[in-house]
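Asks: Sequence:
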Amino acid sequence: MHDERTGDETAGTTVFEEAFVDMVNRILPVKKGSTGGVIERLIKFVAGYILHVGAKANDDGEGGEEQKKQEKDNEDEDNYATRFVSTVMEHIVQGFTAKDKAVRFHCVQLIAESIRALGAIDMNLYKSIRSGFLERTFDKEVNIRVAAIQGLGHWTQQDDKDTRGELIIDMLKDVLVHDPSPEVRKMAMLMMPLSPRTLELALTRVQDQDPSVRRLVYEKIVPAVRARHIRPEHLTAVVMAGLRDREETVKTAARSMVAGWVKKEEEDFERADDPTVTLAVLFKIIALFEFDRDMEATELTLQSIFESRRDILDRLDFSEQYWQQMSPEKALLARVFVDFCTKNKDEARMERTLPVVTAMAFRVQDGANTLDELMAEGDGADEDVTDQIFILTQMMRMAAQLDYADEIGRRKMFALVRNMLGQESLAEQLVAPCLDVLRVLSSSERDLIRVVVEIVHEDEETKAAKKAAKERKKQEEMSPEEQEHRLNLELRCLTLVIGMLERVNGSFEENSTLEGVLQDLIIPSVRSKHADLRERGLIALGLCCLIAKRMALQSFKLFLDQIQRASEEFQVRVLQIVFDMMMVHEAEFLGPRSIVGEGKLIEFLLHTFEHTESPKVQSVLSLGFSKLMLAGMVSDDRVLRALVLAYLSPSTADIQALRQCLAYFFPIFCYGSPKNQRMMSAIILPMLTAMATVREELDDSEKMISQANILNLMLDWTNPENQFAIPSIPRDEMVHVDMAIELVQALYEQDMDTEDKKVLCQGLSKIFIPMEVDDLKIRTLVVLVSNVQRRRPIGDSTARTALERFSKSLRKRFAEQLEGVTDEDMRKMDALTKLFEFMDSMPEVEEQEQTQPSQSKKRGSSKKLSDQGATTKIPSKKKRRVAESEQDSDEDQTSRASGSRAASPTPAREKHSRKAAPKKSLAVDEVDEEDEEEEEDDEPPSKSKGKGRARSSLSSVASASAADDDDDEDTRSRATSVHAQQDDDDDDESGSTKSVTPVPVSKPAQKRKERVARTPSNRASKKARTRSPAHDAASPKLPNQRVRSDVAGDKQSPPRKKLKEVANSRGSKRATSSRARSVSASENESEVSD
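For the sequence shown, numbering that gives the first Met the number 0 gives the first residue as 0, with consecutive numbering after it.
Calculated directly from the structure, the hints in this document are not laboratory data.
With a straight-line cut-off of 30 Å between C-alpha atoms, the simulated DSS-like cross-links for lysine-lysine are:
1. K776 - K833
2. K776 - K765
3. K599 - K674
4. K98 - K126
5. K626 - K548
6. K126 - K43
7. K833 - K811
8. K674 - K626
9. K615 - K626
10. K31 - K98
11. K43 - K30
Just need the whole structure built from these sequences, with the hints factored in.
Replies: Spelled out as structure tokens, the structure:
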């Protein structure tokens, strides 16, 4: 009886399981949103039912002892719930590798929702689901990757290493850094359990490229942890990035985060509205940071609190008791309060809260006396002295913003500051804040200069030094103590003079008292053999040159000489002075009357820029050139080329100061003036050639932005639609039209690579063509486009399709202007004579010539002749198309993480390296109409790209005259092209015997498969492990994107190369390789003839 009953129940449940699975199969292929939300509710119901059945089975297994005894006889390991859950899940898991993306998504979503609170499951089923989730993290569809991450996140706590040794938490960390989709990165961040090792990585996402990811860090991640548990350096980075973010939503989230810290600290006190409690809370917030090392983060935090919590601002009271025992926290809080009131013009609050000026002067004097006592007791390097210097610095910065309407207080403060500056023991950190107070108290610049000069001359030690100099006392006759004392005295005087000159805007001639300081102090220091003294003397001389044109003309060559022989730190200061002098005295250094010759100064600085290996020097030079270009003082295209090369070169990927500067410069420079857009458009083709050369010289570990992205970036800079709306400056809408003509002319280059032609053809879709174009220009462009295929056939189907679309769009838009005008009519136009002569110089090539089959060679062993005649063996075209299908897709789809093409199963990956292993091409069910059309037109390419081939110049055909060569060279090139055509025809015939349709590989999956070879550029970290698609440093961002630092890695970046070496490193190799190519060419000619 029992067996029969059990058998009946098993049969009944089996029928139900089969029916349930059948119903699930019906909803899996339905696309999301096609049924008005019905499919989404059904998916939730199925997942909920599986979850309910699994939870009920777990509850039954966790009953009391009496219940277990009652059910002991009816227990069966293969009960209904277990069988049902296992059967349904085993069936759904099979859909993880389905070709239909809707099926894959619904299967992954069902499992992810079902295991949320599911208890124990079969180990084999667990491994199957886990491995399926890990594979789906490489799916090209964003929603599938999100669902897979969500499912894996439920198993992070009980996870163990799989057969390949990879933990789920490690996968989540990798996805958080490298996945190109912000939605996937957000899900990975939410599902990652917070621990000391994961929190640090999550906090680096404050530098993420996407604002929603950055906002999530401030809304979910940081508030989940007490601020005191975060390391000070990480907290500083979080606050600095959030409160200075460009997106207002991120900034608001950061302010809310800081307000939450205050609220949590207030919970530790009974009365939060007590002024004493308010001060205690603020001191706790200040203690979270290392404010003595980096005050800016602490200042931003306090100012954010003052803005969001006005009640705290109202309760602040800096009474007399507050100033009795000063501490660094007290001094910083009072100074930030004064800064906030000054910024918001709230003088009434400041007067109500702070003591009067006279009382503040006495407090400053007490602080100065305490510092003297501490320095007299110790060696001046202990912690108490450092704290007292910090306190006095904050008080002096606060005193510079007070209202000195009280004459008594003003005189007291003036006498105090003058006395402090005259003391030899005054710390160097206090010189600048004291001079700021003195400038506020002085009636004019002349008065300020007079006071400082008097301080220098009235010092008794200075007089003794002058007397010793008059007596011609030799340096060797002084004792070491005397020499050190004299050196320190001169350095302190130079520090005072430099600080004074930095705060002077008048001319040198208006302040005659400076002449004595120049002759007695600055010039002797410049001639000194002591490095520190000479460095400060040159800085002081440079500041004098900014206000004295005659002195600048006399001293300029001295500074240029120091650039070549100075140390790195001093070279940076000298370059800053040189650029400042060039901007102040433009005509004398940059105009036709330049004292160093017109253009020679720029040439010298460019030479330094290209050959220096110092990141700081490169950053200063890029900043200086950017200022000169923006101001219109320099319009040399060599400077613009050098800046573009520095911006795009992988050798500057880790120089964030340079990248940040140029990322701001190029859009402002180009969008601000049509003249600048013209200048940028003139260097596009030369820069593509230069970057192609750089790409050929890259090491295996180096990566750089693709040629297509470089072209798209520069086309965006030159787009007239992006120009700023300036009423007095009209837009030049013909910039892109002329650029299109140059790009199409470049397609006529005989030896241009197919990949380069493909880049140019796809770039034409980004060209802005206005509604009204001059008849001559549009006819020129149409004639060039129409004759490309006849004169210089393009073998790549994607490139041909892009060119045909561009041609059709032109003829459709300007049909009226082209109507009734034939080629013969245009040939008779004088304006188009040179154009037709240029095209007629190239013979027409019939279509069948480029696809003529040949039976002599197999597809996988084809060879190709370069323009020098060298032969290079290359891999099969089929393999390369599959491996590089991402590059073969249209470039206008590169910004999307998922395309409309049908999905292919995700390739397997190596767990440790996070790199996908190669996988065979699989059939595809669904393909977009656009891709279907391209596949139908696709034919075996006639050429394959070899590594040994020299890249042709894209700019060599900018004009028709560039095609003129010697007769002998022309004969040799024609012979070489004939051999190459025969060789390629052989390849075509062998390739036509076996038709292979390349399968597009998922763009996100392809990117993440190559993570190990990539270099990240997330500005929050300094690791050079892999490139982060979330923020790629080697790839400069498009406008409206942020430039950020890299996520940390364990692998050191390769040695930096000079920019000149990066651009021209091929020169040393060509001499050696040319002989080998000539020998190889002769051998190949004989082989082809045979």
